[in-house]
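Trainee: Listed below are the residues making up each chain.
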Amino acid sequence: MEKHFEQIDYFAYHSPFRKYSAMSKFIFTMTLLLLCLYFNNIAISCYIIVTMLLINVLKNNIKLYDYIVMLSIPFVFVFFGCIAIAIEIHFENHIIIYVTKQTVLKSICVMARTFGAVSILYFFTLSTPIYQMVFVFQKLHIPKILTELMYITYRYLFILIEIQHQIKIAAISRLGYCDIKTSLKTFSSCIANLFILSLKKAQKHYQAMEARCYTGELLFLQEKQYYNKTTTIKATLYILSILLLKIVLRGQAL
Amino acid sequence: MKPIQLQLKQISYSYNGEKQVLKNVNLDISQGEKIAILGANGAGKSTLFTCMNGVITPDSGEIVIEGKKITKKNKIELTKKVAFVFQQPDNQIIAPTVLSEISFGAMNLKLPQEQVLKRVYEAMEYMNLKTFENRTTHTLSGGEKKRVTIADSIVMQPHIYLFDEPTTALDPLHQQMLEEVLEKLSQQGKTILLSTHDVDFAYRFAQRVIVFYKGEIIADDTAETVFCNNKVLSMSNLKQPILLQIQHILMQKGLLKQCNIFAKNIQQFQKLI
Chain U
0 MEKHFEQIDY
10 FAYHSPFRKY
20 SAMSKFIFTM
30 TLLLLCLYFN
40 NIAISCYIIV
50 TMLLINVLKN
60 NIKLYDYIVM
70 LSIPFVFVFF
80 GCIAIAIEIH
90 FENHIIIYVT
100 KQTVLKSICV
110 MARTFGAVSI
120 LYFFTLSTPI
130 YQMVFVFQKL
140 HIPKILTELM
150 YITYRYLFIL
160 IEIQHQIKIA
170 AISRLGYCDI
180 KTSLKTFSSC
190 IANLFILSLK
200 KAQKHYQAME
210 ARCYTGELLF
220 LQEKQYYNKT
230 TTIKATLYIL
240 SILLLKIVLR
250 GQAL
Chain R
0 MKPIQLQLKQ
10 ISYSYNGEKQ
20 VLKNVNLDIS
30 QGEKIAILGA
40 NGAGKSTLFT
50 CMNGVITPDS
60 GEIVIEGKKI
70 TKKNKIELTK
80 KVAFVFQQPD
90 NQIIAPTVLS
100 EISFGAMNLK
110 LPQEQVLKRV
120 YEAMEYMNLK
130 TFENRTTHTL
140 SGGEKKRVTI
150 ADSIVMQPHI
160 YLFDEPTTAL
170 DPLHQQMLEE
180 VLEKLSQQGK
190 TILLSTHDVD
200 FAYRFAQRVI
210 VFYKGEIIAD
220 DTAETVFCNN
230 KVLSMSNLKQ
240 PILLQIQHIL
250 MQKGLLKQCN
260 IFAKNIQQFQ
270 KLI
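Protein chains in written order, with numbering that gives the first Met the number 0: chain U, 0 to 253; chain R, 0 to 272.
Since the hints were made in silico from the structure, they are not lab data.
Do not take every clue at face value.
[To be verified] Listed next, the in silico EDC-like pairs over lysine to aspartate or glutamate satisfying Cα-Cα at most 16 Å (straight line):
1. LYS223/U / ASP27/R
2. LYS71/R / GLU216/U
3. LYS18/U / GLU17/R
4. LYS228/U / GLU216/U
5. LYS109/R / GLU216/U
6. LYS72/R / GLU209/U
[To be verified] Facing chain R, a subset of chain U residues (Cβ under 8 Å, in silico):
7. TYR12
8. MET110
9. PHE123
10. THR124
11. PRO128
12. MET132
13. PHE136
14. TYR153
15. MET208
16. CYS212
17. GLY215
[Claimed, not checked] What follows is a set of in silico ranges between Cβ atoms, one per label pair, in the way DEER data are often shown:
18. ILE232/U / GLN112/R: 29 to 39 Å
19. LYS8/R / SER187/U: 27 to 37 Å
20. GLN187/R / HIS164/U: 53 to 63 Å
21. HIS164/U / LYS8/R: 53 to 63 Å
22. THR70/R / LEU36/U: 43 to 53 Å
The C-beta atom is built at its ideal place from N, Cα and C for all residues, glycine as well.
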């Protein structure tokens with residue numbers, strides 16, 4: 000999981016879209032998300048899934064394999080959720096479990112819609128580092144306490160992942176994970192140790208902030224971001240293509 | 000004689016009112032001095048620095064900076080003038096990118112944004128971090144993180160720099176780079192205090208050496224005098240710098256004339272022999 004998180008951060012940091020305004024990307028993502036959810040159409044959802052895959056693989060320099068692996072995580076949840084939608088259960092004299100054309104179609108529709116939405120959010124996540132997202136939240140006047148917490152959590156996650164990794168290696172080197180019983184014991188001590196260390200780290204960080212005139216507000220300069228006219232036109236055309244597709248598909252239930 | 004810049008008068012401090020970490024510490028620091036604070040682990044070096052920077056308030060005693068007495072109300076004056084570079088960069092870095100991290104202190108000084116930006120770029124230039132502007136801080140190496148933490152302090156343009164064990168976990172290249180930066184800051188008239196266990200580095204760099212033992216100052220003199228005082232060295236688990244040891248051996252063997260000049264680096268040593 001931590002590897003997955005670090006991988007997403009790595010992709011976002013190295014994304015060619017990173018330098019573009021995070022707010023523009025946020026508006027684009029939200030518009031697409033709204034369209035995908037509102038139209039609730041399998042063809043439109045599939046169109047979004049395929050185009051997002053192409054954008055992420057061809058333009059965002061993410062390997063197809065990595066992208067599919069990343070999508071497989073939500074797929075597991077969505078798949079089981081959709082099975083539950085497709086299956087109908089009746090309790091009369093006997094328990095009858097059955098599927099109908101409608102329920103199958105409904106579950107496919109939900110699956111396509113969910114994947115469409117997930118693909119859109121993946122595009123945003125894989126092209127915008129977390130600190131840029133927090134910057135967007137600041138612009139949207141989300142309470143400061145939350146955005147500051149996000150900054151600190153982001154920083155802490157990496158510190159704790161690194162410490163956890165070191166502790167784990169130290170434990171493995173002393174046969175701390177040699178069998179299930181020992182592994183469980185070692186794991187619990189590692190977690191306890193990590194908790195104590197995180198408290199100590201927090202105390203040290205607070206001192207370091209105070210040493211630099213911190214008075215209760217986290218103030219940083221933000222990375223320069225660019226507004227790109229061509230990219231904006233392309234994004235608008237893409238949204239228009241979805242609208243056009245909807246017009247073409249007008250009257251079709253799916 | 001340069002005027003006294005920072006004065007500590009009868010400073011005492013204890014954590015949770017229990018063990019006293021600093022006991023009646025008196026210290027006068029003049030502008031431009033290069034001071035090394037030595038002592039065993041737990042001698043009170045880091046606590047002294049946090050007191051000098053205003054992060055913690057001493058239980059008793061007085062701190063005077065540039066003639067101004069520090070009280071709880073004007074503690075920020077001390078923080079503005081005395082910068083503290085922590086031992087572990089990961090305990091200091093709080094921002095997601097190098098640019099935002101370096102800007103943190105300057106932003107807290109409530110300077111106009113253009114001025115903050117100017118200072119940040121100057122600090123990055125000073126620490127050779129120009130290409131790191133948009134790098135995320137968690138992807139930096141240990142040496143790079145150290146450079147960022149020094150830039151963090153430079154951006155605040157303080158008068159005094161405190162370095163807590165600056166050479167810890169640095170490779171020889173980064174150690175050399177750090178020494179060059181310290182020399183450069185010193186040449187600009189900045190006062191530098193560093194706490195270290197590295198006697199060779201302390202001997203090479205500092206003009207004045209202060210030795211702490213259980214929260215008290217047991218020696219405060221020139222580097223040569225302190226490092227020739229075996230009693231002080233053994234009390235605080237310190238060794239004589241290697242250059243000094245060699246010089247003494249050569250003098251004992253009659254290979255070098257008895258003299259009161261001590262070489263601080265290889266170049267000076269070559270001249271001496």
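Trainee: None of the hints should be skipped; say for each whether it holds.
Mentor: So, going through the hints one by one against the coordinates:
1. LYS223/U / ASP27/R: Not satisfied, since the Cα-Cα distance of roughly 45 Å exceeds 16 Å.
2. LYS71/R / GLU216/U: Judged against 16 Å, a Cα distance of about 20 Å means the pair is violated.
3. LYS18/U / GLU17/R: violated, 53 Å
4. LYS228/U / GLU216/U: violated, 35 Å
5. LYS109/R / GLU216/U: Answer holds: LYS109/R to GLU216/U is near 11 Å, not above 16 Å.
6. LYS72/R / GLU209/U: holds, 15 Å
7. TYR12: holds, 6 Å
8. MET110: violated, 35 Å
9. PHE123: violated, 17 Å
10. THR124: Because about 15 Å separates THR124/U from the closest Cβ in chain R, which is outside the 8 Å limit, the hint is violated.
11. PRO128: holds, 7 Å
12. MET132: violated, 10 Å
13. PHE136: violated, 13 Å
14. TYR153: holds, 6 Å
15. MET208: Hint on MET208/U: holds, closest Cβ of chain R at ~6 Å, below 8 Å.
16. CYS212: holds, 4 Å
17. GLY215: With a minimum Cβ separation of about 10 Å from chain R (threshold 8 Å), the hint on GLY215/U is violated.
18. ILE232/U / GLN112/R: 29 to 39 Å: holds, 31 Å
19. LYS8/R / SER187/U: 27 to 37 Å: violated, 50 Å
20. GLN187/R / HIS164/U: 53 to 63 Å: violated, 40 Å
21. HIS164/U / LYS8/R: 53 to 63 Å: violated, 47 Å
22. THR70/R / LEU36/U: 43 to 53 Å: violated, 59 Å
In this structure, the earlier hints numbered 1, 2, 3, 4, 8, 9, 10, 12, 13, 17, 19, 20, 21, 22 are contradicted, and the remaining ones agree with it.
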